[in-house]
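Visitor: Spelled out, the chains give:
There are 2 protein chains.
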Amino acid sequence: MKVLITGVDGYSGWPLALHLLQRGHEVVGLDNFVTRQRVAEVGSWSATPVLDMHERIAALQSHGVQGFRFYEGDLCDFTTVKKTLHKEKPEVIVHLGEQRSAPYSMIDVHHAVATQCQNLTSTLHIVYAMRDECPKAHLVKMGTMGEYGTPNLDIAEGFFEVEFRGRKDRVPFPRQASSWYHWSKVFDTGDVMLANKLWGLATTDVMQGVIYGTRTPEITQDWQLTRFDFDEVWGTALNRFCVQAVLGLPLTPYGKGGQKRGFIALEDSMQSLRLAVEHPADPGEYRVFNQFDEAYSVGDLAKLVLKVGEKLGIKGEIHNSYNPRVELEEHYYHPLHDNLLKLGYQHQRTLEEALEWMLSDLQRFRARLEEKRAVVLPRMDFRVGDNKSRLHIEKVAKEAVALPKAMRKVPSSGSASVSEG
Amino acid sequence: MKVLITGVDGYSGWPLALHLLQRGHEVVGLDNFVTRQRVAEVGSWSATPVLDMHERIAALQSHGVQGFRFYEGDLCDFTTVKKTLHKEKPEVIVHLGEQRSAPYSMIDVHHAVATQCQNLTSTLHIVYAMRDECPKAHLVKMGTMGEYGTPNLDIAEGFFEVEFRGRKDRVPFPRQASSWYHWSKVFDTGDVMLANKLWGLATTDVMQGVIYGTRTPEITQDWQLTRFDFDEVWGTALNRFCVQAVLGLPLTPYGKGGQKRGFIALEDSMQSLRLAVEHPADPGEYRVFNQFDEAYSVGDLAKLVLKVGEKLGIKGEIHNSYNPRVELEEHYYHPLHDNLLKLGYQHQRTLEEALEWMLSDLQRFRARLEEKRAVVLPRMDFRVGDNKSRLHIEKVAKEAVALPKAMRKVPSSGSASVSEG
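Listed in order, the protein sequences are those of chains V and P. When you read off a place in the first sequence, starting at 1, and then add 568, the result is the number in our numbering. When you read off a place in the second sequence, starting at 1, and then add 568, the result is the number in our numbering.
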């Protein structure tokens with residue numbers, strides 16, 4: 569199948585491209601590299617050295633991998649999206665190209681606005697362009713388990729049947745997000761539900777759990793490495809714990825550490841997305857996958873990192889730290905996740921197995937972690953209106969926070985900035 | 569109390585200012601007049617001739633009304649919002665300053681993006697500025713009953729207790745909006761819920777029903793008139809039916825006409841908002857009002873217009889027309905609305921009474937309706953990606969659809985464009 573991946577330069581985007589290419593699919597990638605800029609904005613970089621896109625493409629070619637084409641472009645420019653879809657007519661669009669960090673959205677009001685506006689604009693541009701250019705294509709949209717929050721209920725897959733005052737209906741499971749970023753993903757969900765209702769776009773809405781790992785079956789050599797973020801803004805709690813362990817720093821779960829979330833290995837997330845691609849939603853269908861395998865508390869994660877670390881000669885300790893987030897630190901957590909199993913999904917990689925790979929990869933790139941030691945410890949606070957000085961951000965990356973060209977005025981019939989790599 | 573009203577130039581904003589001034593409150597108004605531009609964009613105008621703001625202020629002064637100050641400014645410019653709140657330190661902020669038309673949001677992709685981005689940006693700017701400048705102020709935020717959609721359930725006031733798989737919790741009532749505009753109001757609700765959780769902002773979230781009427785106890789003379797929109801983009805179904813009746817055109821309910829919505833008189837909506845202002849939410853409280861009195865179907869409205877019209881010598885007929893919206897045309901509708909009653913709210917004006925006023929006001933301004941006869945009949949379609957040619961929009965109002973200055977780049981310490989009227 570011909571699959572367009574937006575955000576193909578990212579942590580999930582690149583492994584997904586490799587996985588789909590290996591399965592014989594044709595992959596068209598789109599990215600504007602803004603995540604690289606934004607990670608630099610907070611003084612950090614990827615633990616793994618990541619090739620530039622032209623180097624990635626050259627490496628694919630030199631290893632005889634066929635079927636990948638790349639467009640540099642911004643999803644917030646409607647002409648770019650429309651022209652790309654017009655030219656490529658993809659059968660599937662996997663939309664990963666969004667600002668994906670909760671802490672980044674909480675830096676200040678401008679980062680909040682940019683996160684929400686850019687994310688929903690990219691989604692609106694994609695559904696409008698699909699309507700015009702490829703209405704029969706299948707949209708696989710990346711959401712997050714964080715949309716649901718932590719209600720004192722089992723969490724349904726998107727919809728549930730409720731009874732209220734003697735009547736019953738199937739309605740969307742209530743969303744209770746806890747950052748501007750997480751709300752932006754709820755907004756995307758609303759917009760995609762409406763696009764499905766208006767135009768019948770076949771849609772798989774993926775409520776993604778936290779992804780862990782540095783490796784997939786396709787990532788076996790350095791030229792295939794994907795990024796691995798570890799700073800307090802871009803790294804997950806688990807990633808930070810691994811890096812803290814490798815650097816000999818105390819592991820710092822926020823607050824009591826009882827916050828539970830659903831987790832999935834990078835290779836299993838790729839398996840899930842591939843299954844969604846190869847078993848598309850029906851015309852007019854809107855289906856939701858809660859995409860994770862196991863739930864862990866933040867405290868459990870820290871303990872597991874130390875347990876696995878021991879095998880590799882890593883010793884460490886846990887110091888629970890101030891919680892910069894506004895969240896329950898002890899709560900019920902039991903989301904349902906049956907829909908993927910029906911497609912044949914099989915859990916392949918446990919957290920404990922993946923942690924061995926992660927820690928040894930991080931030991932190998934230890935010099936890169938040492939250089940950015942300062943950005944691992946938490947400094948920002950979701951309760952604070954302006955976190956720039958806490959993060960030592962001297963200069964906000966204008967291009968990262970700016971709303972893009974297309975949104976500054978109504979586009980005329982001007983030319984698109986689509987360039988083929 | 570000192571009350572800041574954003575969108576003070578609008579249909580609700582101006583009557584609210586008059587009502588609060590009459591009750592002895594101090595009113596600070598903010599507006600950028602974009603609704604006037606946007607109504608012109610679709611070739612329409614207000615049925616009632618509406619004074620410009622400087623004329624409104626002059627009239628207030630010449631009639632000895634004290635206590636009103638006006639700022640011309642754009643809520644999408646954070647510096648404007650912050651400086652206004654810093655200078656005025658309002659005790660209450662009634663946030664009405666948003667794009668309020670579902671059809672306008674459905675014109676094309678750029679109107680969709682502008683509606684959602686501008687609405688959520690204005691809300692984020694207000695809550696961030698409140699956090700910094702007046703964290704104890706009370707936010708009265710205007711949402712819409714349309715956020716809930718039309719589930720086959722009674723609709724709770726914001727939250728409900730549900731049981732699912734043997735567990736119970738109080739969670740937000742699910743939102744199922746049916747236009748980009750209605751989703752933008754859901755997005756505001758999410759953001760305001762989070763701001764309340766992060767910073768404890770005292771919040772009243774008003775799920776407003778459809779407002780009807782041209783008059784309030786304060787609007788007794790021409791200099792007090794508020795706008796009254798009647799075209800297919802800016803007018804409610806009821807307003808269009810009234811104008812169709814006055815012009816001798818057939819009344820055109822969309823589809824079967826069984827679509828039910830909650831309605832409230834302009835003066836009763838002002839009473840409700842005033843009660844919210846005078847009985848603020850507690851510090852840290854987030855409360856929701858479903859603000860309407862009676863539910864009517866679109867078909868019932870058309871019949872009622874003809875019934876009341878007969879008294880005024882107006883004859884007409886009903887032609888059910890193509891439904892440009894994607895909505896259920898026959899459905900259960902029973903939203904709860906008890907919270908306002910607890911504050912002492914009393915329904916003052918029935919739809920039948922208000923219709924007499926509306927129709928006679930419209931007869932008086934019949935020449936203005938005749939001149940814009942072409943914009944009353946439905947031409948646009950929510951299923952169509954680009955409605956500009958159907959609406960005969962020759963030139964999109966750039967300033968109306970553009971995302972505003974503050975969003976184009978991270979603002980430096982430059983000066984605000986706040987000007988006092």
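No lab work stands behind these hints, which were simulated from the structure alone. Ideal Cβ positions, reconstructed from N, Cα and C, are used throughout, including at glycine. Certain hints may be false.
Short, incomplete list of chain P residues facing chain V, as computed with Cβ under 8 Å [unchecked claim]:
1) Phe-646
2) Val-677
3) Cys-685
4) Val-754
5) Ala-863
6) Gly-867
7) Lys-871
8) Leu-911
9) Tyr-913
10) Gly-953
11) Lys-956
Visitor: Which of the listed hints are not met by the structure?
Guide: Of the numbered hints, 5, 6, 7, 8, 9, 11 do not hold.
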